[in-house]
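2 protein chains.
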Amino acid sequence: MAAPYTPPSETARAALIAAIRFDDRGLVPAITQDAATREVLMLAWMNREAVAETLTTGRACYFSRSRGALWRKGERSGQTQALVDLRVDCDGDTVLLLVHQHGVACHTGRRSCFFTAIRDGAVATILAPQADPATLYGGRDA
Amino acid sequence: MAAPYTPPSETARAALIAAIRFDDRGLVPAITQDAATREVLMLAWMNREAVAETLTTGRACYFSRSRGALWRKGERSGQTQALVDLRVDCDGDTVLLLVHQHGVACHTGRRSCFFTAIRDGAVATILAPQADPATLYGGRDA
Numbered sequence: 030m031a032a033p034y035t036p037p038s039e040t041a042r043a044a045l046i047a048a049i050r051f052d053d054r055g056l057v058p059a060i061t062q063d064a065a066t067r068e069v070l071m072l073a074w075m076n077r078e079a080v081a082e083t084l085t086t087g088r089a090c091y092f093s094r095s096r097g098a099l100w101r102k103g104e105r106s107g108q109t110q111a112l113v114d115l116r117v118d119c120d121g122d123t124v125l126l127l128v129h130q131h132g133v134a135c136h137t138g139r140r141s142c143f144f145t146a147i148r149d150g151a152v153a154t155i156l157a158p159q160a161d162p163a164t165l166y167g168g169r170d171a
Numbered sequence: 030m031a032a033p034y035t036p037p038s039e040t041a042r043a044a045l046i047a048a049i050r051f052d053d054r055g056l057v058p059a060i061t062q063d064a065a066t067r068e069v070l071m072l073a074w075m076n077r078e079a080v081a082e083t084l085t086t087g088r089a090c091y092f093s094r095s096r097g098a099l100w101r102k103g104e105r106s107g108q109t110q111a112l113v114d115l116r117v118d119c120d121g122d123t124v125l126l127l128v129h130q131h132g133v134a135c136h137t138g139r140r141s142c143f144f145t146a147i148r149d150g151a152v153a154t155i156l157a158p159q160a161d162p163a164t165l166y167g168g169r170d171a
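Going down the list, the protein sequences come from chains E and H. Going by our numbering, the first sequence opens with residue 30, and the numbers climb by one from there. Going by our numbering, the second sequence opens with residue 30, and the numbers climb by one from there.
It is possible that part of the hints are untrue.
[What the hints assert, rightly or not] Partner residues aside, some chain H positions facing chain E, computed with beta carbon under 10 angstroms: (1) E68; (2) L84; (3) T86; (4) H129; (5) G132; (6) C135; (7) R139; (8) S141; (9) I147.
Read the hints as simulated data drawn from the structure, not as lab findings. We put the beta carbon where it would ideally sit given N, CA and C, even for glycine.
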């Protein structure tokens, strides 16, 4: 079992956020990786508030560009992501979340969003759904 | 040793590129992951031409937003990336490259760009350089 999440101090949290260069929309791309399998699960976007909430609560919170609001991953679908580590890249314009994924990351019911690639000379779907998308409340923001 | 790269047919290549939704600048974020260690190495951007060249040559080619030109990874530094797989996400707005990284991915000489995180209550550098940045010709586009 994963250890309970211990939030960083307010000082450390502020220092990490200060290392992030949010773009002119106030957003930064966030790559999310399964901490156990190392599979890349998805890419979403975060604003300053989403990063702060994620670090404070230990649950991944993004910013939905389509809804223009915080997107607490799994709030409706139950497919939450427990934060293990949040890393910032060398020039501060991307973050990497390592998480324990409860259930599946993708709204299609697949564990990862990256399931389209070339196989045997044609574009193919390389992952099967592990959950019924209809039960995940539909929509990207599941 | 990795198998020699076999490029997809022009038809398959075009079909995969057709699944990508480039943004209003003609770009898509590209996550690059080490195919062997599964470490996330970097995030860069690609335009249509960069995706096509990467699939054709089997060597990662990005689009440098700062230079406004194709960025053939490792052209100057020798730190090339041999393509293993190029995957597109569920809504077509991100790609994932699995690569064999020759040397290090980051211009700081670290194997990954994601080396800043909170440790022991403070922001810390969690990866040591494995190569001398001065020998990598400096600059992000090494």
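Right, here's what the structure says about each hint:
| no. | hint | in the structure |
| --- | --- | --- |
| 1 | E68 | 7 angstroms, holds |
| 2 | L84 | 8 angstroms, holds |
| 3 | T86 | 15 angstroms, violated |
| 4 | H129 | 16 angstroms, violated |
| 5 | G132 | 15 angstroms, violated |
| 6 | C135 | 5 angstroms, holds |
| 7 | R139 | 8 angstroms, holds |
| 8 | S141 | 8 angstroms, holds |
| 9 | I147 | 5 angstroms, holds |
Checked against the numbered hints above, the structure violates hints 3, 4, 5; every other hint is satisfied.
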